[in-house]
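Visitor: Sequence:
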Amino acid sequence: MQDSVRPLREEDIGAVCRIYNHYVLNSTTTFEEVPVSVVEMARRACVDDPVHPWRVLETPRDGVCGYACATPWKARAAYRFSVECSVYVDPAHRRMGYARRLYERLFSDLRAAGMHTAIAGIAQPNPASVALHEAFGFRKVAHFEQVGRKFDRWIDVGYWQLDLEA
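Residue numbers (full-length UniProt numbering): 1 to 166.
Derived by calculation from the structure, the hints in this document are not laboratory data.
The reader is advised that the hints may include incorrect statements.
Stated by the list, open to error - DEER-style ranges, computed between Cβ atoms:
1) Gln146 to Pro60: 38 to 46 Å
2) Gly63 to Arg139: 32 to 40 Å
3) Pro60 to Trp154: 26 to 34 Å
4) Pro60 to Arg149: 36 to 44 Å
5) Gln2 to Gln146: 13 to 21 Å
6) Pro7 to Met96: 31 to 39 Å
7) Lys140 to Pro60: 33 to 41 Å
As the list claims (entries may be wrong) - Derived pair list, reagent style BS3-like, types lysine-lysine, alpha-carbon separation capped at 30 Å:
8) Lys74 to Lys140
9) Lys140 to Lys150
10) Lys74 to Lys150
Note that beta-carbon positions come from the ideal geometry of N, C-alpha and C, so glycine has one too.
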């Protein structure tokens with residue numbers, strides 16, 4: 001069996017939760033400060049939702065090593081063709097091209113579902129995440145100063161946007 005990017009299954013929730021909680025506790029990638037339970041992650045995760053897909057990268061040796069997801073940008077009906085996207089990779093598997101592979105699949109699936117816009121909020125500074133998003137054609141459209149506070153410091157957030165129909 002080779003590495004594969006596939007839809008999230010219920011049995012992947014524990015691994016997804018473990019990966020995400022690393023970033024909750026150790027980075028400003030997410031502004032959550034308390035680890036998420038498996039029950040809460042299962043509530044958030046979209047299994048079998050073509051409009052808001054979650055994709056995992058699985059290796060034969062290590063199982064699920066990363067995931068990418070698309071969540072609703074806003075709740076109002078007119079936003080239904082816009083999503084916010086995120087990608088998280090197990091720290092032991094970073095710099096192996098997994099984030100790129102996950103996003104390739106996610107954006108392909110979003111296009112197939114007829115979605116129009118993908119938005120990524122990136123805590124600053126994060127040159128690796130900016131480079132990843134810009135490599136896919138995202139362009140910076142907004143910058144909010146000192147909107148988050150984590151690890152006793154103020155954090156800016158930039159927003160990048162991708163036209164999925166271009």
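Visitor: Within 33 to 41 Å or not, the Cβ separation of Lys140 and Pro60?
Guide: holds, 38 Å
Visitor: At the C-beta level, are Gln146 and Pro60 separated by a distance inside 38 to 46 Å?
Guide: Distance hint for Gln146, Pro60 holds at roughly 44 Å.
Visitor: Would you say the C-beta atoms of Gly63 and Arg139 sit inside 32 to 40 Å of each other?
Guide: holds, 35 Å
Visitor: Quick one, are Lys74 and Lys140 close enough, alpha carbons at most 30 Å?
Guide: holds, 19 Å
Visitor: When you check the alpha-carbon spacing of Lys74 and Lys150, does it fall within 30 Å?
Guide: Status holds; Cα separation ~24 Å.
Visitor: Taking 30 Å as the top limit, are the C-alpha atoms of Lys140 and Lys150 close enough?
Guide: holds, 23 Å
Visitor: Confirm or reject the claim that Pro60 and Arg149 have a C-beta distance inside 36 to 44 Å.
Guide: Between Pro60 and Arg149, where Cβ atoms are some 41 Å apart, the hint holds.
Visitor: Is it true that the C-beta distance of Pro7 to Met96 lies inside 31 to 39 Å, as the hint says?
Guide: Between Pro7 and Met96, where Cβ atoms are some 21 Å apart, the hint is violated.
Visitor: Check the following: the C-beta atoms of Pro60 and Trp154 are separated by a distance inside 26 to 34 Å.
Guide: violated, 43 Å
Visitor: Given the hint of 13 to 21 Å, check if Gln2 and Gln146 actually sit that far apart at their C-beta atoms.
Guide: Roughly 44 Å apart at Cβ, these two residues miss the hinted range, so it is violated.
The structure does not agree with the numbered hints 3, 5, 6 stated previously, though it agrees with the rest.
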